[in-house]
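Whole structure, please, built from the sequences with the hints as guidance.
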Amino acid sequence: EAQVTQNPRYLITVTGKKLTVTCSQNMNHEYMSWYRQDPGLGLRQIYYSMNVEVTDKGDVPEGYKVSRKEKRNFPLILESPSPNQTSLYFCASSLQGAGETQYFGPGTRLLVL
Amino acid sequence: DAKTTQPTSMDCAEGRAANLPCNHSTISGNEYVYWYRQIHSQGPQYIIHGLKNNETNEMASLIITEDRKSSTLILPHATLRDTAVYYCIVRPYLRQLTFGSGTQLTVLP
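If you read the protein sequences in the order shown, they are chains P and W. Using the numbering used here, the first residue of the first sequence is number 1, and each one after it goes up by one. Using the numbering used here, the first residue of the second sequence is number 1, and each one after it goes up by one.
FYI, nobody ran anything at the bench for these hints, they're computed from the structure. Cβ atoms here follow ideal geometry from the backbone N, Cα and C, with glycine treated the same way. One or more of the hints may lead you astray.
As the list claims (entries may be wrong) - Derived CB-CB ranges, DEER-like:
(1) W:Ser-101 to P:Ile-77: 43 to 53 Å
(2) P:Glu-79 to W:Pro-7: 19 to 29 Å
(3) W:Asp-11 to P:Glu-62: 35 to 45 Å
(4) W:Lys-52 to P:Lys-17: 28 to 38 Å
(5) W:Leu-51 to P:Asn-28: 46 to 56 Å
(6) P:Ser-67 to W:Leu-80: 25 to 35 Å
(7) P:Val-52 to W:Asp-67: 37 to 47 Å
Pasting the structure below:
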């Protein structure tokens, strides 16, 4: 089944403790992206990647890192999480670019204490 | 990029057509109209997109006015599972998508 998977789905952590949220797609898509969703602010793009080893900042990149060493994986790294990064995170992928149909993962709900 | 205006919320009776409007009066010639929906806290789901012509797929129809300043997403026979937030997005092809606040559609039994 074609899908985007994220792990973990739920995470509670403390300020400053490094964490990684994994994202994987099995559709051989070139484009992958991370969004965060907060009440009243909608979905905002954090980072995106047009292909392996090519990443770019989205609208709200501060406090996040990403890497794209393989086409299928696009992990989101929070080196030193803070409470304002408490949010619902979505990974998405599409065949070639943002304009193509984007397939979203199920979401990761993060709480930073 | 063009801004979009959508009603905050709408209701629709189950089995009826749901018509969701979107105003994008500042749209430029190379910008597409996309529709996505998000069922409570799930990942957004692509519905349909178009440039000038009306489009139809297995989920919905997209009607774009001749001047392209507005569009309507039509769900022909709404079901309870169609209750979701519907996002109208206008972007040039291959540019990043920006999700606004959308329209909360509630399908009533």
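Comparing the hints with the structure gives:
A hinted range of 43 to 53 Å for the beta carbons of W:Ser-101 and P:Ile-77 is inconsistent with their spacing of about 29 Å. Checked against the hint of 19 to 29 Å, the C-beta distance between P:Glu-79 and W:Pro-7 comes to roughly 41 Å, which is inconsistent with it. Range check, W:Asp-11 to P:Glu-62: about 39 Å between beta-carbon atoms, so the 35 to 45 Å window is met. The hint said 28 to 38 Å for the Cβ distance between W:Lys-52 and P:Lys-17, and at roughly 51 Å that hint is violated.
As the Cβ distance of W:Leu-51 to P:Asn-28 is approximately 26 Å, the hint placing it in 46 to 56 Å is violated. At roughly 41 Å, the beta carbons of P:Ser-67 and W:Leu-80 sit outside the given window of 25 to 35 Å. Between P:Val-52 and W:Asp-67, the C-beta spacing of about 42 Å keeps the proposed range 37 to 47 Å intact.
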